[in-house]
Structures are given as C-alpha cells and as structure tokens.
Amino acid sequence: GGSEPGTAQSAGPFTVRALLAAQPATLDPIVGARSAQIVWATMLEPLINTDASLKPIDTGLLTSWTRTDATTWTFKVRPDISFSNGEKADAAAVANTLTLTRDTAASQLKSYFTNVVDIAAPDATTVVVKTKTSQYNFADLLTTVYLVPPKYYAEKGSAGFAAAPVGTGPYVWAGSNAGRDMSVKKNPSYWGPKKAINEGITFTWANEAAQRLALIQSKSVDVSFDLPPAQATTAKKAGITVTSTETAIKIIAFLDSTKAPFDDPKLREAAALAIDRDAIVKGIFDGQAVADAGLLNVSPGQKPAQSVSTDPAKAKELVGAAAPAVQIHYPAAQYTNIEEVSQAVGGALEKAGFKVTYVPIDYGTLVKRVVGRQVPGIAIFAGVPNVAVPDFFASGFMKAKSITGNCPDAQIDELSQKALEQTDAAAAAPIYEQLNTIGVVDKHCYVPLYRQVFNYATGPGVKGLVFGPLNTVDFTQTTH
Amino acid sequence: MTDVVQKGMPGGDARHPRALDQTAAVLEVDDLVVEHRNRRTGEVFRAVDHVSLRIGAGESVAVVGESGSGKTTLAMAATGLGPRGDGDIRLLGHSLSSVGRKQLRKLRPEAQVVFQDPHGSLDPRQSVRSGLRELRTLQPERTSWIEDTDLLERVRLDPSILERYPHQLSGGQAQRVCIARALLMRPRLIVADEPTSGLDVSVQADVLALLQEIRATTGAALLMISHDLAVVRSVCDVVHVMHHGRVVESGPCETVFARPEHDYTRELLAAMPGARWRSRQ
Amino acid sequence: MSQLELERTGAGTPRRARRTSVFWLALPIALVAVAVFLLPLTGLLPAAGQDLDATRQPPGFLAGGSWSHPLGTDKLGQDLFTQFIEAGRLTIMIGLVGAIVAIGPGTLLGLLAGYFRGWVDRVISVLIDAQLALPFILVALAIIANRGSSLPVLFLVLALTGWAVCARVTRSATMVIRERQFVLGLRAAGASELRIVFRHILPNLGGTIVALGTLQVGTAILIESALSFLGLGVVPPMNSWGSLLAAGQDELSTAWWIAFFPGFAVTVLVLLVNLLGDALLTNYDPRKRRR
Amino acid sequence: MTSLLHVSGLSISARLAAGQLRLLDGVDLEVGRGQIVGVVGESGSGKTTLARAVVGLLERNVTVESGAVELAGDVVVAPGVDRTGRIRGTAVGMVFQDASRSLNPLMKVRTQLGEVLRRHVRGITKADVERRSVEVLAQMRISDPARVLDSYPHQLSGGLRQRVAIGLAVVTRPSLVIADECTTALDVTTQTKVVGLFRTLVDELGIGLLFVTHDLMLASDLCDRIAVMSGGRVVEQGGVEDVLDRPQQDYTRRLLAAIPSWT
Amino acid sequence: MTTSPVPVSEKSPPAKSAPPARGNRSGALRRAAARFAALLASLLIALSMAFMLGRLSGDPTTTILGPMATAEQREALRHELGLDRPLLVQYFDYLKGVFTGDLGNSLQFYQPNTSMIMDRLPFTLQLVAAGMALAILVGVPLGVLAARREGTWWDRAASTVALLGQSVPVFWFGMMLVVLFAVNLGWLPAGQSGTPAHLVLPALTMSVYPMAQIARLTRASMSEALAEPYIDAAKARGITGRRVVWRHAFKNAMMPILTIVVLQTGILLSGAVAVEYVYSWPGLGQLALQAIQFRDFPLVQAIVVFGALVFVLLNLLVDVIHSIVDPRVR
Ligand SMILES: Nc1ncnc2c1ncn2[C@@H]1O[C@H](COP(=O)(O)OP(=O)(O)OP(=O)(O)O)[C@@H](O)[C@H]1O
Ligand SMILES: Nc1ncnc2c1ncn2[C@@H]1O[C@H](COP(=O)(O)OP(=O)(O)OP(=O)(O)O)[C@@H](O)[C@H]1O
Ligand SMILES: [Mg+2]
Ligand SMILES: [Mg+2]
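Chains as they are written, first to last, in the numbering used here: chain S, -8 to 471; chain U, 42 to 322; chain B, 6 to 296; chain F, 484 to 746; chain Z, 6 to 335.
Derived from the structure by calculation, the hints contain no laboratory data.
Note that beta-carbon positions come from the ideal geometry of N, C-alpha and C, so glycine has one too.
Among the hints, a few may not be true.
Unchecked claim - Quick partial rundown of chain U residues pointing at chain B, CB under 10 Å, derived from the structure:
| # | residue |
| --- | --- |
| 1 | L145 |
| 2 | R146 |
| 3 | F156 |
| 4 | L163 |
| 5 | R197 |
| 6 | L198 |
| 7 | V232 |
| 8 | D247 |
What the hints assert, rightly or not - Calculated pairs, DSS-like style, for lysine-lysine (alpha carbon to alpha carbon, straight line, at most 30 Å):
| # | chain 1 | residue 1 | chain 2 | residue 2 |
| --- | --- | --- | --- | --- |
| 9 | F | K591 | Z | K256 |
| 10 | Z | K256 | F | K609 |
| 11 | S | K250 | S | K434 |
| 12 | S | K294 | S | K342 |
| 13 | S | K147 | S | K250 |
| 14 | S | K210 | S | K454 |
| 15 | S | K210 | S | K294 |
| 16 | Z | K256 | S | K147 |
| 17 | F | K676 | F | K591 |
Could you put the whole structure together from the sequences, leaning on the hints where they help?
Set out below in structure tokens:
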C-alpha cells in the first residue's frame, strides 16, 4: 500500500502528496482517458519528448525521426533501455505499442492512427512506419504515445496492466488503496538524466474544488491541482503559492452553418460580433483565462493573423427585428465555469436580438449529438489537443467529415489536406493561417473564446514541480 | 303474525324480483361453515361450524354466546357482507352463492345491519343529511317512501340533527341515526349486532324499545346478536345459543331460559349478574 | 352532566388547539410564497440582466457591497437578490408539483392495495418493496444522466422516488378505515366497491393525504436541491434555490453568501413545511382522532 | 370495621384549552378492611378519575383542587400533595379494565411478578421470588402456575390474563385493591369466576376492595356497599339493599328502571 | 408489512383454550416463507429496474472512445460490449450474472465491478457505522425525552431540532461544516480518509438525517408505548421512573426504531452520494457518481443491484430481529 496521506512530513526522505481533481480511471495508456496521464506518466514515458514550446526533441526514447519518402517514417530507438521489470525497451516494444494504439478497439488514440498502414521493427533500434497519405506531423503524434512493455502487457491484459503499470520512467508502481490513493516510488535505476530526487508520489483526489483548496490550506497535501479561479484567488490571498499555466485547451463556440438560424451568414457574423471574449475572461474568470480569437493557433501564446473583434452595435443591426431563435448546447459541469460562459454567450446574443434557449447536457451526450449533427445553433465545448499540431483542430473541427462538421466547405477540405502534405510545420503554417481566416473571419463558423489557465497550489516550501500546457507534470525535481 | 307483516309493510312486494310466499323464510342458513385465515400466520380458524337456522318473516331471533363464539361471523355471512363460507344461505329465497354480483347488490338492501359501535358505523366525513341523501341516490325507489324529517321522527330524533356530523352526536343519538338509516331501506331483515353494548344502560333501554317498535310497525324480521341474556329475553322470541362456532341449543326463549338443556346454556344463565336483585323483585 | 356530555361527544378542544398551530405554521409559508410570487410584480427588484463588469459583488451589508444589489452579484454580474426571489418561485413550484406527481399515483395504488387486499395488494406491495429497495439517488441520477435535466424529467424522478412511500402510508391508513363498520353499512345499502373507495374511503384519507403531500413538498425541494448540487437539477437560465446553492459552492471560500442564503432558505422553508405536515398528520391521524 | 380508605370532599378538575373542566365534585367515600365497595354510574361520570386519583395516576392536565384521600389515616393525596409513590404496589394494588393490555406483552409472567417482588421486598432471594410467585398464582385459582409463569401474556386466555393481573396487584399483600371495570372485557362466564375470586380474596386476606363498574347488577351481586356516581358527584351511597330497594335519588331510580326485566 | 416504519399496533389475537380449528401448526414457518417469496419477487423487479437503469444511463462509446472516433469504431466497441445483442438476451445474461455473483466489468476502470464494490465497501461501512452510531446516540435520547414530556416546551424543542435535521440539505450542511471547522477554525481535516479525525465531519454530516428520523420515530413510538395501559399498570405496581421508561416502554417501542435503523443503514450504504462527494470520501457513493458521469452502465447497474440486495437482506434481518424481540411474532 501507499503511505498515509494526511500525515505531515518533515525533513528527510520526502514523498510528494499530490491531490487530483478526479480519481484516475484506468492506468492503461492505450485505452485510458488522458486525464489519468498525470499518474501514469510518472512511470511510463512518451516515445518522443517535447520541449517547452511543445516541439518534439530528441531527449526521449526515440532519438531521431526522418521522413524517408512522403509516406515513410524511420525512427531510431535509444539503445540499452529496459522497463522496470527487466523487459527490453527496444524497437520491437515501440512497434508493439504503436500497433496496440492503432488496433485496440477502445484505444484512445485510434482515430489518429487510421492513416498508418504498416509498422515494422527491422532491427533492435529501428522502427519504420508507413502511412497511407503524406503527413508531415506524424512525429508530433508520438509525443503522446506512451511505451508499454510488450510481454507484460500481453500477459496481464489491460486491467492487469492498469492495476500495476510498468514502464521505463523515473518512478515505479508502489501500490494503491482502492478508491483512495495511488502511490509510486522512485526508480533508482532510471536511465535518464532527471532521476527523481524525492522518494515517490502519493496521489489522492477530491472532486470538489472547495475541497482541494481546503486540503492544501490544512497542509494535508503538498500540491493541489486544478483550482478554478475562485479557489486560486482565495489560495493566493491565504498566502499559498499558486502557479498558473496557460494551456492548449481552448473553449470555442461552434455555429452550425448547415441549419437555421446560422445557415444565414449575416446571423453568424452577428453572433461573432456580439460575443465579448474579453468581458468573459475578466468578469467570469477574474482574468484567469486567456482571451483567444483564433482556432488553429495551438501553442500557448500564439496569435492568429486575422481575427474578429466585438461590435455589439453592428451585431444588433445585422440581426434586425427578426429575433431568430438559437439553442446553446454545452456540456454541464465539464469545464470550469462553463455554465456561466454559456450564459454570458447567451446574454450577449440576446442583447443582439436573438432568442436564446439553453441545452445543458452531459459531455458524452453532447459529443454524440455533435457527431450526429443534431446541434442546430451553437455548441460550446473545448478542443483539448493531445498534441500541439494545428491539424488537430483542422481535422477535428473544420473538415466536412470532422467531429463538428459545422462548416462544410470544399476549399477547407482541400487546404487541410494540402497542409499535411507539406514537408514540415513551417511550410504548413501559412496554409493554416489561410484556413483560420476562412473559418473564423470570413465564414464566422467558429467563435473562439478563451484558453484555459491551469492553476495548482503548492504547500509551503514545496518546489521544483514542472507543469506543461498539455497536462504533463514533472515531479522528479520536487523537493520540500 | 303474517297479517301484521302485510299491513306494516309499506309499499307491498312489487319491488321484489319475484313475489314471495308469505310463509317463506326471510333467511335460511343451511349447514354453514365459515373459516378465517389469519393473514399473518396463515392459520385457519373455524369461526362458524355447521350452523343451520331459519328466520321467518317478521320473526325476532337471537343468537347468544360468549365472545369469539362466531356470532358476528355468522351474521355477516348470512347477509352476504362477510366471508360466505361453505353451506347454503338463502336470503328471501335467493341463494347467495348463486346470485351474481349485480343481483347481490340489489338483494343486499333487504337485510340491514345495526352495529355495536354507532360512531364507527357512520362515515365521519358525512353529515347525517348527506348520508341519507347518498342512500337515496343508491336506492331511489326503495327510499322514496318517507321524508328525512319524518324518518328522524320515527326514531325520535330532532330534525336539527340532520346537519350534524357523527362526532357531534352522542352514542345513543348516533345509534338511532344508524337505525334510521336501516329503516329507510325498508329491509325485510334487520340484523342487530350487539346494538347496545357500547351504550349506557339508560340509553340501552330506549334503543331496544325502538328496535322492537320498528319490527312491529314494518314487519321486518329481527336477528339480534348479543351476549346479554336479559336483553335477548326482553326482545326476542327464538334464541340460538352458540358455543365455539356451533349452535348448542335452540328454541323459544321461554323454553330455553326456563329449562336449559345444554351445560353451556346453564352456565350462561348462572353467570348472569343481578341474582341478588332479581331475587328481591 | 351536560358539560361532561359535551366533552365526550363534541369536537375535542385539543383538536382546535392543533388547528391554531396549523394556522401559525401555514402563515409564514404563505408569506414566503406571497413574497416570492408578488415581489417580481412590484418592479422593486434590481434588474436581472448580466453585467460582466460588476461580477461577484458582496452583499450590501458587507464591506465593499452596495445596496443596489442587496445580496450582491454572481459570476455573471446578475443581481443575487432578484435571482433569489425568482429561484424561490421555481423552488416552491417544484415542491408543489413534485408532491402532486408523487402523491397522485402513490395514493391511488395505496388505496387500491389497502382496500381490495388479496392479489391487488400483493402485487402493489411487491412493487412498493422493489421501489424502496432501489437506492433512489442512484435511480434519479441514472435517469437524469440519460434524459438530461429538464423540469419534466425532474418531475418524473420525483414521482418515481416518492410514490412508494405515499402508497405505503395510504395503504395502511386505508386498511384502518376499511375496517370501520360504516363500510359494511354502505355495502348493505348496495353501494358499489368503487363508490365506497372513492366517495368514502378517499375523503376520509383526505387529511392524511394532505399531510403526506405537505411532507412530500419538503422532500421534493430537498431532492431537487441535492440534484442541483450534483449538477443535475434545473436548467439555466432558470434557477432554483438548489441550483443557486450549487453555483455558489465553488465560491464558498471567497463568497460564502452566494451559497449560504439559498441553503438557509431551503432549510427554513422545508422546516416550516415539515412542521406543518407534522401538525396536519397528528390532526388527521385516525388513531389519534377522537371518535 | 376500621376505615382503610377515606376520601373526603375530593374535587378534581382538568385543564383544557377552553378552561377548567370539573371531573370530580366533592366526592366522599369510605372503604373499610374486609369490605367491598362498588362504584357505579354511567359512562363519563368520573369513576375512573376517582380510582386513579387514589393511586396518583392522574393525567398531567388533571389536578386535585380540594379534599383529601387518606389511607390508613395518612393523607396521601390532597391539593399539592402526592405521596402515592410510596404506597403504590405496597399498600394499594390496582387492576385495570383490559388485562390483555395491562400486562407487558414482551415479558413473561415470571419476569413481571419477579420485578414487582424485587422492587418491594428488600433482599428477597431468588427462591423466595419463585415461591411467592407460584403461591400467588395458586391463590388466583390457577391450576398450573408453572406453565403460566413461563408464558407470555398473549399465550394466555382472557380469564387467565385477568387473574394474573390481579395476582400482580395482590402479590405484595396490599391492604387496598382498586379494580376499575376489571371484568368488562371478559365473557359473562369468566366474569363470574373473577368476581368470585375477589370475594374469596377479600374474605381470606381481609383487604379492602374498591370495585368500579358500570354494571349495577354486577355490583349488587358482589359488593357490601354501593356508591352511585353521576356528573362527577356521588349521588347516593349505602348498603346494597338500601340502594336497590329504596333508591333515594331519581338518577338511581332511572338506572334501575332501565335494566331489562327478567320475566 | 413488518417493514413499515409507521408503527401499526396490532392487537394480539385472543388465545383459545381449545379452538375448533383445523389449525395450521407451522404458521410461523409459512409466514416466513411467504415473506421471503414476496421479498424475492421485489428483488427480481428491482433487478429488472436496475437493468433498465443501466441501459438508461446512455451510450458509453462516446465517453470511452472520445469525440474523434469513427462510427465504425463505436460500432465495434458496442459489439465488444455486447450492446448490439437483443435486449432480452442481454437481460438474461445479466440475471445469470447476478445469480452467479458476477456483476460484470467496469467500462472505465477495466475491473470486475464486484471487486471494486468490495474495495469501496469498507469505507462506506465505516462512515455509515459511525454516522448511525451517532444518530442513535443522539436520536434515541432526544426522542425519549420528547415523548416523556409530550406537549411541553421540552418536547417542542426536541422535536423541532429533530425536524431541522430532516429539513437541512445534507450537502449544504456538510459544506458549512467544512467552511467552519476545516477552513476557518482548522480543527479538522476537510475531507479524504485515513485517521479517525477524518471521520468526524463526514460522520456528523451523515448522521443528521437518520438522527432526525430516529428521534421522530422514537418520539412517536415511545409516546404510543407510554400511553399503553401496561405502563400505567406497571406504575400502579410501584415500578418507577427509568425502569418503566426503558424496560417497559422502550422495549415495546423499539421495533419500529430498530426497523428504521436497519433500513436506513441499507439506504445509506448505497446512497451516501452527497456526503461522500462533499468530503471526497472514497466510498460507494463516490464510485456511483463516477460511474454515472462516465456512463459506466455495468458499474451503475452493479451498484444498484448491490444496494437492492443489501436492502432485501436487511429486510429479512429486520424480520428475524422482530421475531426475537417480540414473542407474539414467533
Ligand atoms: N377477519 C378475521 N380474520 C381472522 N379471524 C377472525 C376474523 N374475524 C373473526 N375472526 C375470529 O373468528 C372467531 C369468531 O369471531 P366473531 O367476531 O364471529 O365472534 P363473536 O361471537 O361475534 O364475538 P364477540 O362477542 O366478541 O363480538 C374469533 O375467534 C375471531 O378471532
Ligand atoms: N385528562 C383529562 N382531560 C380532560 N377530560 C378528562 C380527562 N380525564 C377524564 N376526563 C373526562 O372526565 C369525565 C370522566 O371520566 P372518567 O374516565 O372518570 O369516567 P368513567 O366514569 O370512568 O367513564 P367510563 O364508564 O366510560 O369508563 C369524562 O367526560 C372524560 O372525558
Ligand atoms: Mg361480534
Ligand atoms: Mg372508566
């Protein structure tokens, strides 16, 4: 079992007590939801590491990637690395993980790998992947694929693996108290340069934000993740260290241009002009979110070339006296303050002359309706990129056959495909700018609202925690 | 006695499905067996055990016996209000086991019951007047023969009683309302199940007198159930003594009380209080 | 003798005492209801609109607050007092309708089971037991999770989770009343079973049903607020006290008043309603009533 | 004949929302040792109130306004005085109307008898408890005391239950026993037996018995003296013969007239 | 119905020395059997409802696969989960599973539901036991006090306190406790489990509702028992004070109280959602909530089934206890 949470730690060997917002579901990275990544990523490692700007770098398990022709990628695997159970972390293991990711029915990343036609490991350090069509950002995808030991995974199955994960990472599984906590301890024989300097980590969780605040206040935990603005403010006032990171998670209002009322471009424009993202960020989030006017600018800090800015007066004029009815769908309780944001959007539309009704539903149902094209009007939800590539949003939301498919347009499909066929990100960038302008500025199908800011609080004296915009946390250098 | 019946009976016999032979019995019970099943324990208890009896038109018959001897069960079965059991029951010649539900509903008003607890016999949510009105809607032809006020007069109640609710009536008043309700139906049989044991002695005498009078004027037969031999003797002609579900002795009151044949009857007579007082009379 | 006679037969004075207590309990509830329904008509309430420039203002009685927003504002800058009043309206409405939808079928089934006994009773009793065996909160959550939250679904949940208790109480009350001899008397007069059930037994249950219904109002309000707390209650822009409370839950440490007042209002209202229901129940309890 | 119970000018009233209600109005009554005094009267005349006043079991809203109850010369009840706690179960025993409900349904007869004995007889041994329990049941003319001792009340017939209840009242050998309508729930045949039992108890033990009933006939069979109550007052009292043969009050006459004649 | 928390006083049937009965000697046995059959029928219906609820909780494939999945992927998953088979086949499989103790596998945790429920059970048990103990320790004396002084201010105060417990939204009460004792005063931990101190606030919150119920029922039941003639009779025999109250009245009043305690335990076992949510208590309630949010229908179903089973078992327990306490029922 893990160590007792709630007992204060003093000097000496230090175990980090980390508080999450929800119980991690399965710790199997193949089928598990990404929310549990924070736990399994302490034991498992992605195939390719990323740098601070989310670009792939060669410090990880894969040391190089080259595009031998338009549809063939060759990867070099770092030699002489083993899983903590002794299995070899070689090219065969990498190929196995990729195959699992592509073929497992419940694989979370399955849809990203549909383009992969062949995976081979010709020798112990080489992996060759063939794709159907050209795809310049394939290496980026591997930054979110975590390497699993082939024999152990096959032996234990998904559930067995999740019960005691094995990886190559800086920590190894220490055990769990069902429903209560999960612990990892440091891996003394970790291959990498950043060996853990603490003894391990104990993860616990609390669904309620007030709880997470209370627990850090009472020093029951060393780090408390996912504090909404209100709690973050309180924590700061109470003298607790709060770290805020702008994430790649984007909240967007999707306008369905195929159905009334937004099949009328004038009304789409009116809606886009009516919404004031700055007021939302300031009023609802107390400044703890980042207004974002672009769709395809994935990396934090990046701005689009062209955007739409608020103009309520013009919006009103465009709507006229018709009072068109609009439904606003949003996933209840899924993201911080999403109810208020949706109501603020609705409020702005009403001021412009729309008649608004709200449809709060749970996330799963919303996705189902969006996918089934059953959301006339507006759907508000987040784009949560697993990897920082613009194609994530282009393929996800802009193409006619995307998730939302709210803006079918032959030119968009064509441009998206063309972007992928470029040699690298730099070459693709202008095409994505063009796409963004079409979708956001010309057709007003998308009203990007803001990027989420992720807050976490650390207890007195706790330092060395590194949080990445894609929900990755590095605990190895955390001390007390 | 049959003469009295004819004269006293208002409205004649036209309302009956078939005209009745005047000498025919109002109620005939033949070899009746009634069992109660306890819902909780599932135990079966034989409350009435092979009982036969007959009540002619205008007769007054008593059933006496100790508590739990099956008197009420017998009466309820005989009027088709309780579990009917095995054996034949004929009310005005109609066998209760063979008549349909609808016909049974038509037949039931012929037998009216006056219970021991007068307050429990009245719907607490209904004033006397609306109670009577309901009876009139249920049996319009049968009840049209008399006005409310006249009816109350016959049971010696003031018309002001009409607006009252049961809880505003004393026990004696309530019992008289019950008798009035029974009377309104012009029954051929009145069953009185311990009609006076909840009442004070002074009131008891009034009620008994009233029942007697109604029998005399309307010619209805009376089946009186009681454990009080003195009451029975003052009201009835014929008595059946029940013991553990069986009728152990029957006959005219005079005979039975003067020369009891069965041990149990003797015991009952001996247990009657007031020996000291009677001896001084 | 006459005074004793009166006491023995008359409407007992204790009953009148209980009547007055019913009145004094019903009065504040009526006042709350009137306030909540009439205040919006007076035009005195602060405007209800959003104001993203003035979010999270403290109430007037606290430092930094202003009396133009007596209870402060929420995350969208909407006036909390206005919301509080309007939420109260919906809360009371949900309580009433929620009670009716549970009481209706519950009473009917309980009445039939208690009166007809036999297989009717057995079937209904098994249903009641089955319903009671199901953990109601999970049932509610599962239904709402699928059907989405809306008022009709909420009422469905309230009906499903409330009928069994009502049916059980009605059933045992019916069983007491059906043993009263006036039922036999009516049968002797040729009344049909249905007439006896609906014209006589039902009115006699009236008090019990009213009392049950009153208690059910409280239960419905509590269930609604619990569901809203879990994010499955009423749909915005509508608000109930429960949903206001839920909205204030993550601001608890910074702005306690957002959650405090609706929670407090729910407690007080439900307490009053329960006290009233209790008083009514003792008033109408057939076992406690003087005959 | 020495006076055992002496009730003098006892007035009792109940506090109601509508005001004071007089339940007893200057009641005088006397019971001597070895004497059975019947209290009769119709429903609501105050018989039970009188009986309960003597043992101090009046309800909360009922108070003694004037008069006194003396037991063997000591005042036990008077306005503001209630010393009945000491005499209950020792000097006075009481038998209630409904025996099936005056026994605790969850306790065996043995336990209930033992409880009373242990409460009132200091340092009584287990063997003595058993002996006296059997003894008292035998005194009640119960043929198999052992079985009855091991029974729960619901396993006994009504007559047996009432006899057990009487046994519980006399097991501590009180000098006065009060019986309130203690035969009303019984069959006439059983009633006769119980009444006979009382007669022998009084004769054997020399106790005083206050016998409350609404049945004038029953009282006349059993009692030495009769008090007739009406509207909270004792309207007539005297020897049985006097009351029956020469009723002084209208009310008594009416009562007698209402009795169905047996000829 | 023996489980009715509404006390229904039953008059014992008059005993007969020699009843002319074609008696059924094994009455108690028959009654137990009938009762068992009725409970079994209820259970079967409850199980069917649980099955329907499971199907009701929606299509899990979007939640599992995420928005990017294609229709074919979803279909494949539905096939793998057996959701594409006829409903009746699924139903009988499910029943078979229930009776062989197999409640299926969770979609979100990839583990057998039974083992997950068993993992969480100790925590919920802990909470329920502590909460119930508290509820009894406060509720019973409060109810007895109110009953002994029926109609006085004591009664009114005690009854109102009890009713307050039934009127306050439990989660709100919990939140206020957290704000007061954990955040502002810092006396107690705000949530999670581990030390006894962690148990205090959740148990207190948990106890409020059953405490109120117990107190109210105790009052009703005790006031009824205290009005029984045998209480006066015991007093008339010189038995005094406490002994009358506890030995005579309380023992007779106990059955409904016991019933409500046992049944409340059953309800809390599966229904402690709000309390566990407020305090992040790792019990069954949390699990249920998670299952519902994730559309993990096998888990939802399993928890509901578990709750129903517990409830039925506790019902039987009540019957057994009843027959032990009350000789009339034997
Ligand atoms: N519904 C019933 N279920 C089970 N047993 C019953 C039922 N009704 C009556 N009994 C039993 O049948 C027996 C006869 O009852 P019944 O009421 O006919 O007696 P009774 O002679 O009228 O007695 P009483 O003088 O007390 O009114 C009793 O032992 C009683 O317990
Ligand atoms: N606690 C009380 N509060 C108010 N009124 C009471 C109280 N106790 C008794 N009474 C009234 O006092 C009157 C006398 O009651 P009591 O019980 O002494 O009469 P009783 O002669 O025993 O009648 P019964 O023959 O019916 O037993 C009745 O009218 C009764 O309603
Ligand atoms: Mg009878
Ligand atoms: Mg009396």
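Right, here's what the structure says about each hint:
no.: 1; hint: L145; result: holds (9 Å)
no.: 2; hint: R146; result: holds (5 Å)
no.: 3; hint: F156; result: holds (4 Å)
no.: 4; hint: L163; result: holds (5 Å)
no.: 5; hint: R197; result: violated (18 Å)
no.: 6; hint: L198; result: violated (14 Å)
no.: 7; hint: V232; result: holds (9 Å)
no.: 8; hint: D247; result: violated (15 Å)
no.: 9; hint: F:K591 with Z:K256; result: holds (13 Å)
no.: 10; hint: Z:K256 with F:K609; result: holds (24 Å)
no.: 11; hint: S:K250 with S:K434; result: holds (14 Å)
no.: 12; hint: S:K294 with S:K342; result: holds (28 Å)
no.: 13; hint: S:K147 with S:K250; result: violated (49 Å)
no.: 14; hint: S:K210 with S:K454; result: holds (15 Å)
no.: 15; hint: S:K210 with S:K294; result: violated (39 Å)
no.: 16; hint: Z:K256 with S:K147; result: violated (57 Å)
no.: 17; hint: F:K676 with F:K591; result: holds (24 Å)
In this structure, the earlier hints numbered 5, 6, 8, 13, 15 and 16 are contradicted, and the remaining ones agree with it.
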